[in-house]
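Visitor: Sequences listed follow chains A and C, in order. To convert, note that position 4 of the first sequence is 4 in this note's numbering; the numbers rise steadily by one, no gaps. Count along the second sequence from 1, add 95, and you get the number used in this note's numbering.
Calculated directly from the structure, the hints in this document are not laboratory data. Wrong hints could be hidden among the right ones.
List of simulated lysine to aspartate or glutamate pairs, DMTMM-like, C-alpha gap at most 20 Å [unchecked claim]:
{"id": "1", "chain 1": "C", "residue 1": "K133", "chain 2": "A", "residue 2": "E52"}
{"id": "2", "chain 1": "C", "residue 1": "K133", "chain 2": "C", "residue 2": "E232"}
{"id": "3", "chain 1": "C", "residue 1": "K133", "chain 2": "A", "residue 2": "E16"}
{"id": "4", "chain 1": "C", "residue 1": "K123", "chain 2": "A", "residue 2": "E31"}
Facing chain A, from chain C, some residues (calculated, C-beta under 7 Å) [unchecked claim]:
{"id": "5", "residue": "E119"}
{"id": "6", "residue": "K123"}
{"id": "7", "residue": "L126"}
{"id": "8", "residue": "A167"}
{"id": "9", "residue": "H255"}
{"id": "10", "residue": "R280"}
Beta-carbon label-pair distances, calculated as ranges [stated by the list, open to error]:
{"id": "11", "chain 1": "A", "residue 1": "T87", "chain 2": "C", "residue 2": "Y282", "range": "22 to 30 Å"}
{"id": "12", "chain 1": "C", "residue 1": "K220", "chain 2": "A", "residue 2": "T87", "range": "38 to 46 Å"}
{"id": "13", "chain 1": "C", "residue 1": "D236", "chain 2": "A", "residue 2": "A82", "range": "46 to 54 Å"}
{"id": "14", "chain 1": "A", "residue 1": "T87", "chain 2": "C", "residue 2": "L309", "range": "52 to 60 Å"}
{"id": "15", "chain 1": "A", "residue 1": "T87", "chain 2": "C", "residue 2": "S139", "range": "39 to 47 Å"}
{"id": "16", "chain 1": "A", "residue 1": "R63", "chain 2": "C", "residue 2": "K184", "range": "48 to 56 Å"}
{"id": "17", "chain 1": "A", "residue 1": "P85", "chain 2": "C", "residue 2": "D236", "range": "23 to 31 Å"}
{"id": "18", "chain 1": "C", "residue 1": "L110", "chain 2": "A", "residue 2": "K25", "range": "19 to 27 Å"}
From the three backbone atoms N, C-alpha and C, an ideal C-beta is built for every residue, glycine too.
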Amino acid sequence: MTTLDQIAMKIIREQELVIGPLAWKEASKVEGLHIDDQTRGEVTLTDRDPKEAVNRLVGRYERLFGRASQEVCKDAVASIIAELPPTDVPSSLQA
Amino acid sequence: MGFFSKAKSGGQSNLEIQLRAVNEEVYKHSLELAEKNKTLSLLSKLYEISILALKPVELSTKLCEAIQNAFAFELVGVLLCDEKGDNLKPLAFAQSEHFKTVPTDDGSMFNTSVLLTCPQSDFFKKVVIKRKMLYTENLADICGAEVPEKMFEKIHADGHIRSTLVYPLAVEGNVIGVFILCTNRAYFDLVDYEKESMQDFVNVIAVALDKAFLYEKLAFTNSELSASNERQSKLIHFIGHEVKGFLTKDIAVFSELIEGDYGTLPESAQKLTVAALEQTRDGVRAVTDLLEASDQKKGTVQYHMAPLDFKMLVEEVMEKLRDHVEKKGLQFIFACDPSMQYMITGDHNQLGNHVLRNLIENAINYTPHGTITLSLERNKEKDASIIFTVADTGIGISTDDMSRLFTEGGAGRDAEKINVNSTGYGLFIAKNIVEAHKGTVRAESEGSGKGSCFIVELPAT
Numbered sequence: 001m002t003t004l005d006q007i008a009m010k011i012i013r014e015q016e017l018v019i020g021p022l023a024w025k026e027a028s029k030v031e032g033l034h035i036d037d038q039t040r041g042e043v044t045l046t047d048r049d050p051k052e053a054v055n056r057l058v059g060r061y062e063r064l065f066g067r068a069s070q071e072v073c074k075d076a077v078a079s080i081i082a083e084l085p086p087t088d089v090p091s092s093l094q095a
Numbered sequence: 096m097g098f099f100s101k102a103k104s105g106g107q108s109n110l111e112i113q114l115r116a117v118n119e120e121v122y123k124h125s126l127e128l129a130e131k132n133k134t135l136s137l138l139s140k141l142y143e144i145s146i147l148a149l150k151p152v153e154l155s156t157k158l159c160e161a162i163q164n165a166f167a168f169e170l171v172g173v174l175l176c177d178e179k180g181d182n183l184k185p186l187a188f189a190q191s192e193h194f195k196t197v198p199t200d201d202g203s204m205f206n207t208s209v210l211l212t213c214p215q216s217d218f219f220k221k222v223v224i225k226r227k228m229l230y231t232e233n234l235a236d237i238c239g240a241e242v243p244e245k246m247f248e249k250i251h252a253d254g255h256i257r258s259t260l261v262y263p264l265a266v267e268g269n270v271i272g273v274f275i276l277c278t279n280r281a282y283f284d285l286v287d288y289e290k291e292s293m294q295d296f297v298n299v300i301a302v303a304l305d306k307a308f309l310y311e312k313l314a315f316t317n318s319e320l321s322a323s324n325e326r327q328s329k330l331i332h333f334i335g336h337e338v339k340g341f342l343t344k345d346i347a348v349f350s351e352l353i354e355g356d357y358g359t360l361p362e363s364a365q366k367l368t369v370a371a372l373e374q375t376r377d378g379v380r381a382v383t384d385l386l387e388a389s390d391q392k393k394g395t396v397q398y399h400m401a402p403l404d405f406k407m408l409v410e411e412v413m414e415k416l417r418d419h420v421e422k423k424g425l426q427f428i429f430a431c432d433p434s435m436q437y438m439i440t441g442d443h444n445q446l447g448n449h450v451l452r453n454l455i456e457n458a459i460n461y462t463p464h465g466t467i468t469l470s471l472e473r474n475k476e477k478d479a480s481i482i483f484t485v486a487d488t489g490i491g492i493s494t495d496d497m498s499r500l501f502t503e504g505g506a507g508r509d510a511e512k513i514n515v516n517s518t519g520y521g522l523f524i525a526k527n528i529v530e531a532h533k534g535t536v537r538a539e540s541e542g543s544g545k546g547s548c549f550i551v552e553l554p555a556t
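Could you build the full structure based on these sequences and the hints that come with them?
Guide: In structure tokens form, the structure reads like this:
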């Protein structure tokens, strides 16, 4: 799993704690994101630009549930983002 | 309630806007619940660890690992105040997989050895004295002169440590140590959930640690006590056997003198020698009681169980004590139905010498005048038991003394005045023997001066 795959997985799992299985259902509709195994929480970003796939995932939740859900996405991956160079961080997750 | 809203081409209707607002509101409430759930979930995990009977180091390690795992901190650890409270000693740490692989300058793996060398830092002492959380973004504040600056740069860069938080571990107002966590984010970048819930987790760690140390002390004290009891028991046995040996030799000498083996003693000397013989025999019985009680306590008494006619045993003991009874001018009565059988399975010596003899001798000793009545009957309701009773018209038993009666050294106050040589172990021994025979023994009395009654019930065969 790449770092961005892990970021996507963490975001979906964190959203799952708030909205339940709906988190996976919405994630499955994101272009460039493939759910390999929901029970094991494995996802793969298939987009040429995986950062954009992450942005679409965050955007989807934000459109449905507002700004609070975007903050949840950021908080979920704060420790991973802290170790990435700024250019590798998807725009939707930047401070 | 629906969570979905679809955007219509060209904009959203009022209904859709309202639905979205409702969704957002519901989401916020769900988020609050989810965060509380997370806190409760981790608290539950920490609680499960804390109730295990673990030693302090093991307990702290598991708690640190749980918190490190939950928050993905780089390093989490516990340092403990020493007994004087002047110094801190590292107790346990948990590290992220990444942090474990950060090498030091000399090629070895950086690990908590750095923190192991700097527990005396002023930073930690401030936390202990001020009893509040402090944080720093510079490890040098903590490790200071112990670690070269290049190492800090490496730790910050490769170990990704951005800030270090140190919490006091306090129980009932006393600080027992500190909890340290190193994270790859600045303190103010930590999410609210992390900042707000950390104090709850630190409190659980403090209480769990305090309890673990208490357990450890108790276990040590128990072990010391057992060893001390064992030594005491051995000493009692050694002294007891030695003393019994000497007294037994004295009995032999006094007996020979009384029998005239060395010529006829003058009358005055004869009386003194008889009294001395009796007192020496009392001494032997007292030592025997102490040794027996010690064996009872340790559970090392060997019982030789065999079919036993209890009526015959009572009659045997009565005969041995008849002189004693007659010398005191007491009436000695034995009532039992001769047509009934009184067979039991029991140890002849233990029941005869330590139960029957003890109960009957007590009745004799504590009855200045009147009657001692022994009775033996079969329990009509419980066909399997025999009931043996020793009733006297003696000094009786007060309510206070009743509660101490069958305990170690539990001689009654009135009894002690009459029989100053009483060891207080006789009834304790008798009770243990009766219970070893699956029986019961109890005492009844209407109070001081009103006589007493001891009832033994044993299963019949």
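Visitor: Each hint should be assessed against the structure and marked as holding or not.
Guide: Hints and how they fare:
Restraint check for C:K133 and A:E52: not satisfied, since their Cα atoms lie roughly 29 Å apart, outside the 20 Å limit. Distance hint between C:K133 and C:E232 is unfulfilled; the C-alpha atoms sit about 27 Å from each other, more than 20 Å. Among the hinted pairs, C:K133 with A:E16 is consistent with the structure: their alpha-carbon atoms are about 12 Å apart, no more than 20 Å. Taken as a hint, the C:K123 and A:E31 pair is broken in the structure, with Cα atoms around 26 Å apart against an allowance of 20 Å.
At a threshold of 7 Å, the smallest CB-CB gap from C:E119 to chain A is about 4 Å, leaving the interface hint in force. A least Cβ separation of about 5 Å between C:K123 and chain A falls short of the 7 Å threshold, and the interface hint therefore holds. Because the smallest distance between the Cβ of C:L126 and any Cβ of chain A comes to about 5 Å, under 7 Å, the interface hint for this residue holds. For C:A167, the shortest C-beta to C-beta distance to chain A is roughly 5 Å, which falls under 7 Å, so the interface hint holds.
Restraint check, C:H255 versus chain A: the minimum CB separation of about 5 Å is within 7 Å; hint holds. With a least beta-carbon distance of about 5 Å to chain A, the hint placing C:R280 at the interface is held under the 7 Å criterion. Look at A:T87 against C:Y282: about 25 Å separates their beta carbons, and that is inside 22 to 30 Å. For C:K220 and A:T87, the hinted distance range of 38 to 46 Å is satisfied, since their beta carbons lie about 42 Å from each other.
Distance hint check: the CB atoms of C:D236 and A:A82 are about 20 Å apart, inconsistent with the given range 46 to 54 Å. For A:T87 and C:L309, the Cβ-Cβ distance of about 54 Å falls inside the hinted range of 52 to 60 Å, so the restraint holds. A hinted range of 39 to 47 Å for the beta carbons of A:T87 and C:S139 is consistent with their spacing of about 41 Å. One distance hint, 48 to 56 Å for the beta-carbon pair A:R63 and C:K184, holds here, with the actual separation near 54 Å.
Distance hint check for A:P85 and C:D236: the Cβ-Cβ separation is about 27 Å, which falls inside the suggested range of 23 to 31 Å. A C-beta distance of roughly 23 Å is found between C:L110 and A:K25, which places it inside the suggested range of 19 to 27 Å.
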